[in-house]
Amino acid sequence: MNQTALEFSKPTERNISDDPLNDPNYKTVGEVTVPNAAMTTKNVDVHYGDKQAIFNVSLDVGRNEVLAMIGPSGCGKSTFIRCLNRMNDTIDICRIKGDIRLDGEDIYSRNMDVVLLRARVGMVFQKPNPFPKSVYDNVAYGVNLHGLSNNKSELDDIVEDALKRAGLWDEVSDRLNQPGTGLSGGQQQRLCIARAIAISPEIILMDEPCSALDPIATAKIEELIDELSQRYSICIVTHSMQQAARVSQRTAYFHLGKLIEVGATDIIFTNPSHRLTEGYITGRFG
Amino acid sequence: MTILSILFVLFIVAPICMLVALSLAKKNRVLRNHVEKVIKTFLISCACLAIFTTIGIVLSVLFESVRFFQVVPITDFLFGLQWSPQMAIREDQVGSSGAFGAVPLFAGTFLITIIAMLVAVPLGLMSAIYLSEYATSKIRAFAKPTLEILAGIPTVVYGFFAALTVAPLIRDNLEAFGLNVSSESALAAGIVMGVMILPFVSSLSDDVINAVPQSLRDGSYGLGATSSETVRRVVFPAALPGIVGSILLAVSRAIGETMIVVMAAGLSANLTANPFESVTTVTVQIVTLLVGDQEFDSPKTLAAFALGLTLFAVTLLLNVIALHVVRKYKEQYE
Amino acid sequence: MNQVALIQRGLARRYRSEKRFKAYGLTAIVSGVTFLVFLLGTTFLNGYTALLQTYIAVDVTILDSDFDGGLSQESLSKSDYPGIIKRSLREAFPEVTKRKEKSELYRLISSGAQYDLREKVIDNPELVGQTTTFWLLADDEVDVYMKGRIDPAVPEKNRRLKNRSIAWIEQLRDQGRIERNFNILFFTNGDSREPEQAGILGAVMGSVFTILVTMLLAFPIGVAAAIYLQEFARKNRFTDLIEVNINNLAAVPSIIFGLLGLAIFLNFFHMPRSIPLVGGMVLALMTLPTIIISSRAALGAVPPSIREAALGVGASPVQTVLHHVLPLAMPGMLTGTIIGLAQALGETAPLLVIGMVAFIVDIPGSPMDPGTALPVQIYLWADSPERAFVERTSAAIMVLLLFLIAINGLIVLLRKKFERRW
Ligand SMILES: Nc1ncnc2c1ncn2[C@@H]1O[C@H](COP(=O)(O)OP(=O)(O)OP(=O)(O)O)[C@@H](O)[C@H]1O
Ligand SMILES: [Mg+2]
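Chains as they are written, first to last, in my numbering: chain A, 2 to 287; chain B, 8 to 341; chain C, 282 to 703.
The reader is advised that the hints may include incorrect statements.
[As the list claims (entries may be wrong)] For lysine to aspartate or glutamate, the following DMTMM-like pairs were computed, each having C-alpha atoms within a straight-line distance of at most 25 Å:
1. LYS337/B <-> GLU224/A
2. LYS128/A <-> GLU223/A
3. LYS381/C <-> GLU437/C
4. LYS52/A <-> ASP24/A
5. LYS359/C <-> GLU372/C
6. LYS128/A <-> ASP225/B
7. LYS697/C <-> GLU155/B
8. LYS516/C <-> GLU338/B
Simulated from the structure, these hints should not be mistaken for laboratory data. As the structure is a computational prediction, the values presented were derived from the model and not from experiment.
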C-alpha cells in the first residue's frame, strides 16, 4: 500500500499538495488560464443546499478548442458545466459563488440576461432529448424563439444548414415532418446538436453526449465534434478516456468537486503530474 | 331488520369467524387448507361484487328503459324536441309520445357543461401550470390544499351557494347592462359547476404535466427559452394527450353532476343556447321525475331510467376513452 | 454579434409575455381561492345567526278553569294551551281588539310554544292558578326581524311581517321582553315546517346510520376485494375485466347508483323507501371503487421482502397476507375508507332517488326508521320559501362542513401516525 502511494507521488517544481481533498487551498496543477479565452471561470464554489459540490475551481475555455472534463462519477463535472450557461438556475437549492465570464462579461451579474446567455452558450445533454415535434420543428425551435429568421425560406435555410453541419441532413432530409422522437438514438443526439447549433452559439457544452449511444453513433458524434471545433468552442464531459483523448485539445481532471489537474490532452494522458490523475487514467480507480 | 342482520352476519361476523378459524387451524394442514379455500372464495366474491354492481346498473337501467321504449319510441325520445312529462300521465292525453323528446335536456346539459368547462379548464390548467412551474414552495404549500378543500365540499353546498348567492349576483350585475337574465340561468349553474370541477382538472393536469420528463424542459431552457415559452411550446404540447384525457374525465363529471343543477338550474325544458336563460338537464329531470310519489309503471317514472341509461352510456364512453388516453400517455414517458 | 442584437431586440416582448403568462397562472389560483373564501364567508355570515333564537317573555296566567278534569295527568296534557297563550297575549296587549289584529298578534308566538308550556305545566302542576312569566318561542318572522334581516323600508305589502307587528316587537323590545338565546332546538329537534322549530338532529342521526351501514358494508368488502386483486389474482382476462370495471365504476355519476338502488333494492326486493339502510347500501356500492383502489395501493406499498420473509418461515400465502401484509397496509386502507366515507357523507343525489327526501319529523332510532341525511336536509331547507330557512340551511352546511373537517383531521392524524418509509 505504502509502496503504491510512493509510486504515485511525483513531486515537481510546483508545490503539489499530496492531499488535495482535505486542503482547502488546493491549487490546480497545470495552467488553468488560456490567452484570449472564450470563457473564464475563477474560484467557483457550488452548493446544493448544505452540500458543497464544487470547491474553488478556476478554468478557462479557449476559443475554438475542445476542452474535455473527466473524473469519477459524482465529482461535479455536470455541476460545473451547468454553471457555464446557468442551467443550475433551474435547481432551487443550487447556489453558485465565484466569477464566470463570457467574453469578459460576468454571466451571473444583474446585467446578464439568461435567455441571451443560453443562446450564446448552447448545451447538449446526456440523454438525447428531442422535443415531441417534427425534425424540422426541433431544429427551428430555438430560431423561432429568438426571432432569428425573417421568413420561411430563411428558416428553411437555417434548418438545412444546421442539419448539414450536424451531419444529419442526408439521413433526414426526406422526413423533416416526421417526429424527432422517431429517429434512432444517435440520430436523436445529432438532432439535439443541430438544434443547438441552429442558433449559432459561441460555445457548446456537452454533458456525456455519447453515453447513451452505440460505438458507431459515438464515432459519428466524435467526428462531428472535430468539425464543429472549427467554429465553436466546445466543452465536453465524458467518461471515456479514449474519447477525451480523441476529440479534445485540453483535458481537465475533476475529483470530488476539485479540479485536480488541467493541461494539454496528450500530456495529461501520457504524463500526468498528479497521482490522482494518473490513478484515474490508468484505471486504478474511477 | 332481517336484511340488516343478514348483511351483518355476511360481512362482519363471517370474516371474523374465518380469521379465528384460520388461527385455530394453524396446526392442522388439511383443516387449514379448507379454511383458506373458504377465505379465498369470500375474497373472490367480494371482488366480483364490482362486476355485479355494473351488471346491476346496466340491467336495472336497461330493463326499465326497454319498458319505457315500448310506450315511447326510442327515436321520439332521442330526437324529439318537446319535453313535458307532466302532461303524459293524464289519461285524456292523446298518446304520450310527443312529450318525451329529450333533445332539450341534452342541449341544456351540453350548455351547462360547456360553461362549466370554460371556467374549469383554463383556471384548472393555469393553476396546475403555475403550481408546477412557477410557485415557490410556500405558495404551493398553501394553494394546493386550498384547492383540495374546494374539491371536498359537497355538491349540495355548491348548489345552495349557486342558487342563493351566485345566481342573483349574476342576474343583478348583468341586468345593469340591460340584459334579461333568468334567476335560474344556465350561466350561474355552469360557473359554479366549473369551480367545483376546477380542482379536479387542476390535480389531473398536475399529474400529467409532472409526467413530462425534466429532460425536455432542460432542452428548452438550454436553448434560451423562458419558462412560459417552455411551458407553451414544449411541456403543453407534450402533455396534450394527457390533458385531453383529463378534460374528458372532467366533462363526464360535469354531465353527471346533479345537485348543483337541481338547485340552481331550472325545470323548464327550453331548447336554447342562450346562457342567460333557464335550461334543464338530464340529471335534473331524473330527480324531478323520481322525487315525490311515483308509480313504477307510469312512463313518467320509466322516463327517468331512459335518461339514466343515456347518462350512463355517455359518461361510460367518455371515461373509457379518457382512461385509455391517459394510460397510453403515461406509458409513453415511462 | 449581429445575432446578439437580434435576440436582444425581441427580449422585452418575450419578458412581457412571460410576465403575462405568470399573471394568468396566479389569477387562476387567486380566483379559486377567492371563490372558496367567498363561499365559506357567505355561508358563515348567513348561518351563524341560526345559533341564536328569539324568545318573547309573556306573563301567562293559568286558570283552574283551563283544566276541566282537575289536575290529573290526563287533563293537564289535554288542555288548550294555544288558547292559554292567546289569552295571555291579549292581556299583554289590551289595546288589540279587532279579529284580524288579534290573529296577527297571535302569530308573534311560534305554534311550537304550546308544547313547551304544556311540558312545564305537567312538570309543575302548582303553576296552575298563578301568573308566571314564560319565555316563549317566537315566530320565525319575528326572529328574522330581530336579526336585522328584514328591512322596514321595504313596502309593507312586500313583507310578511307587517308594520303593526313591528311596532309590537319594538314595544316588547323596549320592555325588555324580547331576547335572543342560544338556539338549542336547532340541535335537538327533527325537521319541521316551522323554521323556528326545525332542527338537524334527525338529519344528523339519519346520516350517522347511513354512513354506519356504508362503512360496515364497504370496508370489509372493499378490503377483501383489494386483497384478492392485489395479492392472489393471477393476471388474466377476468381480473383485467374486474380492474377496468372498478376504474370505470369510480367515475359513474352518483345518481346512477340511486337508480340502481331504486330498481333493485326498492322495486325488486321491496325494501321500504326512505330508510338509512337502503341509503347506506347504495352509498356502499358507490364508495366501493374508491376503497378498493386505495386499499390496493396500500397493499402494493408493502415491500415484497415482508411477504418473502413470511413465506420463508412456512406461512401459507393466505396466512402471509392476513397476518403479515394486512396489518402493515391497514393504515392506508383505513385512510382510503375514510376518504370514501367523507365522499358518501356529502352525497345527496342517490339519496333523493331512493326516497330519503321525505318530510320526517321523528328522529330515526335505527337504520330501519325512515329518515333523511344531512345533505338532503340542506337540499330540503334550501327549497323552502321561508326567509328563516336560509340561515338554517347555512348553519346545517356549517355542521356538515365541520363533520368533514373532523374526518379530514382524522385522515391527517392517521397519515402522520402511521407514515412509514420502506
Ligand atoms: N440536483 C441536485 N441536488 C443535490 N445534489 C446534487 C444535485 N445534482 C448533483 N448533486 C450532487 O453534486 C455532486 C456532483 O454531481 P454531478 O452530477 O455534478 O457529478 P458528475 O461528475 O456529473 O457525475 P456523473 O459522472 O455520474 O454524471 C454529487 O455528489 C451529487 O450528489
Ligand atoms: Mg454528470
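These are the hints, each one checked on the structure:
Of the supplied pair hints, the one linking LYS337/B and GLU224/A is violated, its CA atoms being roughly 37 Å apart against a limit of 25 Å. For the suggested pair LYS128/A and GLU223/A, the alpha carbons sit about 16 Å apart, so the restraint of at most 25 Å is met. The hinted pair formed by LYS381/C and GLU437/C meets the criterion: a straight-line CA distance of about 16 Å does not exceed 25 Å. A threshold of 25 Å between alpha carbons decides the hint, and for LYS52/A with ASP24/A the separation of about 17 Å falls inside it, so the pair holds.
Restraint check for LYS359/C and GLU372/C: the C-alpha separation of about 23 Å stays at or below 25 Å, so the hint holds. Note on LYS128/A and ASP225/B: the hinted pairing holds, with a Cα-Cα distance of about 11 Å set against a maximum of 25 Å. With a CA separation close to 18 Å, the supplied pair LYS697/C and GLU155/B stays within the 25 Å bound. Straight-line distance between C-alpha atoms of LYS516/C and GLU338/B comes to about 19 Å, which keeps the hinted pair within the 25 Å bound.
Checked against the numbered hints given earlier, the structure breaks only hint 1 and satisfies all the rest.
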